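These protein sequence lines map, in sequence, to chains H and U. Quick note, the first sequence lines up with residues 1 to 110 if you use this note's numbering. Quick note, the second sequence lines up with residues 1 to 114 if you use this note's numbering.
Please note that the accuracy of each hint is not assured.
Stretches of chain H that chain U covers, calculated by requiring three or more beta carbons in the stretch to come under 8 Å of a beta carbon on chain U [claimed, not checked]:
#1 46 to 58
#2 68 to 77
#3 87 to 101
Residues of chain U placed beyond 10 Å of chain H at every Cβ, according to the derived structure [unchecked claim]:
#4 11
#5 52
#6 60
No lab work stands behind these hints: they were computed from the structure. Predicted model, so just to flag it, every value in this text is computed and none were measured. C-beta atoms are modelled at their ideal positions from N, C-alpha and C, and glycine is treated no differently.
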Amino acid sequence: GNSVTQMEGPVTLSEEAFLTINCTYTATGYPSLFWYVQYPGEGLQLLLKATKADDKGSNKGFEATYRKETTSFHLEKGSVQVSDSAVYFCALKQGNMLTFGGGTRLMVKP
Amino acid sequence: DAGVIQSPRHEVTEMGQEVTLRCKPISGHNSLFWYRQTMMRGLELLIYFNNNVPIDDSGMPEDRFSAKMPNASFSTLKIQPSEPRDSAVYFCASSLEGLTTEAFFGQGTRLTVV
Chain H
1 GNSVTQMEGP
11 VTLSEEAFLT
21 INCTYTATGY
31 PSLFWYVQYP
41 GEGLQLLLKA
51 TKADDKGSNK
61 GFEATYRKET
71 TSFHLEKGSV
81 QVSDSAVYFC
91 ALKQGNMLTF
101 GGGTRLMVKP
Chain U
1 DAGVIQSPRH
11 EVTEMGQEVT
21 LRCKPISGHN
31 SLFWYRQTMM
41 RGLELLIYFN
51 NNVPIDDSGM
61 PEDRFSAKMP
71 NASFSTLKIQ
81 PSEPRDSAVY
91 FCASSLEGLT
101 TEAFFGQGTR
111 LTVV
């Protein structure tokens, strides 16, 4: 079956540091890939997505590239802010089914 | 659109009581998902509907859990009888059908069973 594996958290960074959160997936065929963000006390919100190989999704300074050869979709941001502190979920969609990774908590210190 | 609307936001109930969680999806969306989130198990898919029909309920923990979608604008998740281990945040999400479409999540219902 399909699965998504994310790096374990928490990830703790200082403001303006570079962020990478690793995500790899297992799926048959060609899924779409997503990153969602969850702020405290809220539901998940879409951060970015990529729907085919080599596509780059980007939003709010975050980027991720769909790498079919390595089955990866790593999330990056060049300079994090305190307001980026949240839980980040990588997900894949195949057919109509969304499969989520376990989530990675990011804590950014001033 | 107001987004996916869930009610109640918080529910505290005693063990053995029936609990009903409600969800109104975004108008026009034909896929609806119920998830449960806990610290121990993360985000788990409980059940998925397409065009009001349950497609995959393999994530429903046991017979105490049931879900319905009587029409395109309303779904319920019922737990009867509730147990302390059911304490979690329950999310409803909806999407348009299709490989590339994202799911939109509600704010969640935080359930505490004492």
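Here's how the hints hold up against the structure:
{"no.": "1", "hint": "46 to 58", "result": "holds (count 3)"}
{"no.": "2", "hint": "68 to 77", "result": "violated (count 0)"}
{"no.": "3", "hint": "87 to 101", "result": "holds (count 9)"}
{"no.": "4", "hint": "11", "result": "holds, 15 Å"}
{"no.": "5", "hint": "52", "result": "holds, 14 Å"}
{"no.": "6", "hint": "60", "result": "holds, 15 Å"}
Going through the hint list in order, the structure does not satisfy hint 2, though it satisfies all others.
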